[in-house]
Amino acid sequence: MAAVIRIENLRFRYPEAPTDAPLALDGIDLRIDAGEYVAIIGHNGSGKSTLARHLNALLLPTHGDVWVEGMNTREARWRLQIRQIVGMVFQNPESQLVATTVEDDVAFGPENLGLPADEIEQRVEDALRRVGMLSLRLRPPHQLSSGQKQRVAIAGVLAMRPRCLVLDEATSLLDPLGREDVLNTVHNLHQEGITIVAVTHSMLEASLADRVIVLAQGQIALDGSPREVFRQKQRLRAMGLDVPPMLELSQLLRRRIPGFPDDRLTPDEMVAALESLRYRVAVPAAAS
Amino acid sequence: MSTKPIIDIKDLWYTYLRGTPLEHVALRGVNLSVQPGEIVALVGHTGSGKSTLLQHLNGLLMPQSGQVRVAGIDLHEPGADVEAARRAVGLVFQYPEDQLFEPTVGDDVAFGPRNLRLPRSEVRERVRVALESVGLGFDAFRDRSTFGLSGGEMRRVAIAGVLAMQPQVLALDDPLAGLDPGGRASLLRLLAELRDRQGLTIVFVSHALDEIAGVVDTLHVLAEGRVVASGSPREIFRSPEIVLEMGLRLPEVPALMQRLRAAGFPVRTDVLTVEEAAEEIWRTTKSCVM
Numbered sequence: 001m002a003a004v005i006r007i008e009n010l011r012f013r014y015p016e017a018p019t020d021a022p023l024a025l026d027g028i029d030l031r032i033d034a035g036e037y038v039a040i041i042g043h044n045g046s047g048k049s050t051l052a053r054h055l056n057a058l059l060l061p062t063h064g065d066v067w068v069e070g071m072n073t074r075e076a077r078w079r080l081q082i083r084q085i086v087g088m089v090f091q092n093p094e095s096q097l098v099a100t101t102v103e104d105d106v107a108f109g110p111e112n113l114g115l116p117a118d119e120i121e122q123r124v125e126d127a128l129r130r131v132g133m134l135s136l137r138l139r140p141p142h143q144l145s146s147g148q149k150q151r152v153a154i155a156g157v158l159a160m161r162p163r164c165l166v167l168d169e170a171t172s173l174l175d176p177l178g179r180e181d182v183l184n185t186v187h188n189l190h191q192e193g194i195t196i197v198a199v200t201h202s203m204l205e206a207s208l209a210d211r212v213i214v215l216a217q218g219q220i221a222l223d224g225s226p227r228e229v230f231r232q233k234q235r236l237r238a239m240g241l242d243v244p245p246m247l248e249l250s251q252l253l254r255r256r257i258p259g260f261p262d263d264r265l266t267p268d269e270m271v272a273a274l275e276s277l278r279y280r281v282a283v284p285a286a287a288s
Numbered sequence: 001m002s003t004k005p006i007i008d009i010k011d012l013w014y015t016y017l018r019g020t021p022l023e024h025v026a027l028r029g030v031n032l033s034v035q036p037g038e039i040v041a042l043v044g045h046t047g048s049g050k051s052t053l054l055q056h057l058n059g060l061l062m063p064q065s066g067q068v069r070v071a072g073i074d075l076h077e078p079g080a081d082v083e084a085a086r087r088a089v090g091l092v093f094q095y096p097e098d099q100l101f102e103p104t105v106g107d108d109v110a111f112g113p114r115n116l117r118l119p120r121s122e123v124r125e126r127v128r129v130a131l132e133s134v135g136l137g138f139d140a141f142r143d144r145s146t147f148g149l150s151g152g153e154m155r156r157v158a159i160a161g162v163l164a165m166q167p168q169v170l171a172l173d174d175p176l177a178g179l180d181p182g183g184r185a186s187l188l189r190l191l192a193e194l195r196d197r198q199g200l201t202i203v204f205v206s207h208a209l210d211e212i213a214g215v216v217d218t219l220h221v222l223a224e225g226r227v228v229a230s231g232s233p234r235e236i237f238r239s240p241e242i243v244l245e246m247g248l249r250l251p252e253v254p255a256l257m258q259r260l261r262a263a264g265f266p267v268r269t270d271v272l273t274v275e276e277a278a279e280e281i282w283r284t285t286k287s288c289v290m
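Line by line, the protein sequences give chains A and B.
Just so we're aligned, residue 1 is where the first sequence starts under my numbering, counting upward by one.
Just so we're aligned, residue 1 is where the second sequence starts under my numbering, counting upward by one.
No wet-lab data here; the hints were simulated from the structure.
Quantities reported herein were computed from a predicted structural model and do not represent experimental measurements.
Errors might be hidden in some of the hints.
As the list claims (entries may be wrong) - Some chain B residues close to chain A (C-beta under 10 angstroms, calculated; not the full set):
#: 1; residue: L60
#: 2; residue: M62
#: 3; residue: G66
#: 4; residue: G72
#: 5; residue: I73
#: 6; residue: L260
#: 7; residue: G264
Glycine residues also receive a C-beta, built at the ideal position from the N, C-alpha and C atoms.
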């Protein structure tokens with residue numbers, strides 16, 4: 001697998017921070033491969049958003065290096081290209097929409113690339129179709145629900161044809177339906193082959209990723225599959241993080257039911273585990 | 001409960017930009033009553049009228065039609081004492097930390113009491129009590145800069161500023177928004193403590209059914225400007241159809257129980273915690289496991 005992002009010994013201090021303040025990022029080494037779906041979790045102030053902003057050169061390392069497809073973010077000549085490869089979606093959809101119609105909003109980025117009109121139109125249509133917003137292309141953004149607005153923001157990024165999408169708490173201000181909407185969209189984009197990096201507070205969202213990275217005090221504290229990471233319940237608690245409720249239920253049931261899996265993460269997995277339990281016990285009962 | 005409600009709303013209607021082409025009916029005949037000392041959550045999809053309703057509790061919006069009685073004050077009567085209603089009901093807006101403006105925590109919390117022209121010693125005492133009630137030590141925080149605080153601390157300072165006015169009811173618009181899971185849990189604990197220790201009545205808006213279920217006494221589900229369901233979280237989760245229709249999502253644990261029930265497990269669905277769920281699943285499966 002090719003690395004989309006490679007980070008070596010990244011340290012970062014906000015220029016306005018006092019010199020004796022702890023580093024916001026303190027020695028991050030990380031490689032994210034093409035096609036991965038990575039969730040970054042951590043307590044407020046752990047450095048998650050600071051790390052996300054290094055992924056497309058919105059912030060530059062104080063020490064160490066970040067490469068996007070081999071291009072060092074420090075080098076100004078790569079910056080536009082880097083930002084096309086890695087697109088960012090932020091927390092608040094309101095502050096990301098600029099135009100008076102959905103399609104003009106999505107066209108904003110490609111227009112700034114100076115692309116020919118028919119190419120722009122094609123990109124806008126394609127991007128809106130991929131987030132399921134094509135039928136609302138002529139609507140003013142303020143008439144949309146929060147989830148729809150966030151999907152338009154994602155379309156605006158997709159119109160730049162990125163290979164990696166970084167979502168910085170992109171669902172945290174949305175209502176439950178809006179959140180589902182956006183998560184489904186992200187899932188589909190990942191299926192299409194786009195690399196996803198999602199900074200999130202939600203353990204349920206983190207358990208949808210293939211890989212979970214836990215940051216604490218500017219360092220990577222845990223890095224593994226959701227199952228590996230969420231098994232570290234005590235360590236997560238100590239970092240002010242929860243585990244998904246299904247995992248907790250799994251562990252409580254294991255104490256009562258010998259052999260019950262203690263690592264189910266999602267409701268689907270839990271239902272399946274309980275159904276196979278019923279099947280397992282139903283067979284000998286019928287035989288006796 | 002048989003005591004007299006501290007908030008009693010009957011057939012409340014409210015239309016934004018009435019009489020213009022942009023007119024929008026936000027409340028369509030809301031009935032709501034809240035008992036003293038109750039913790040009440042208003043839940044509903046975006047645009048369901050939750051915030052509009054909340055803003056009626058202290059006369060920030062005045063009833064266009066219907067009755068709003070708060071702490072004995074009839075806001076729908078001409079010449080109602082709106083000032084008294086505002087003293088009785090402290091309103092905390094969404095992202096209240098955006099409204100901190102004094103350089104120090106102590107001055108910010110003191111702003112309201114000073115405007116009441118209270119003696120200095122009384123102002124100081126109110127600030128002390130308010131800060132301690134939100135879990136921020138008076139000596140540790142009063143001289144701190146409001147801008148050096150964490151998001152959770154800033155929100156607590158904003159709440160302290162409202163508490164310093166000594167309201168009977170604390171009304172909060174989405175107080176959990178934008179906080180991390182630790183901050184959300186501790187803010188919910190704070191709301192429960194304010195009720196338990198000081199007898200405050202708490203009314204707040206939230207989307208987070210899963211987190212609030214363990215804290216609230218009563219949920220009122222709003223949709224399109226009406227209250228479409230009311231009850232304890234257990235009652236609501238027992239027959240959640242209305243919640244689902246309204247675009248809300250059940251918390252993971254009761255949602256799991258609904259699915260298990262649909263799959264033929266005879267489990268109860270009105271459970272709130274993972275411990276209860278484990279107990280219930282064990283109760284209904286042990287006969288075959290053992």
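Results for each hint:
1. L60: violated (22 angstroms)
2. M62: For M62 (chain B), the interface hint is violated, since the closest Cβ of chain A sits about 26 angstroms away, which is over 10 angstroms.
3. G66: violated (26 angstroms)
4. G72: This interface hint is violated because 35 angstroms lies over the 10 angstroms limit.
5. I73: violated (33 angstroms)
6. L260: It holds, given that the least Cβ distance between L260 (chain B) and chain A is near 6 angstroms, below 10 angstroms.
7. G264: With a minimum Cβ separation of about 8 angstroms from chain A (threshold 10 angstroms), the hint on G264 (chain B) holds.
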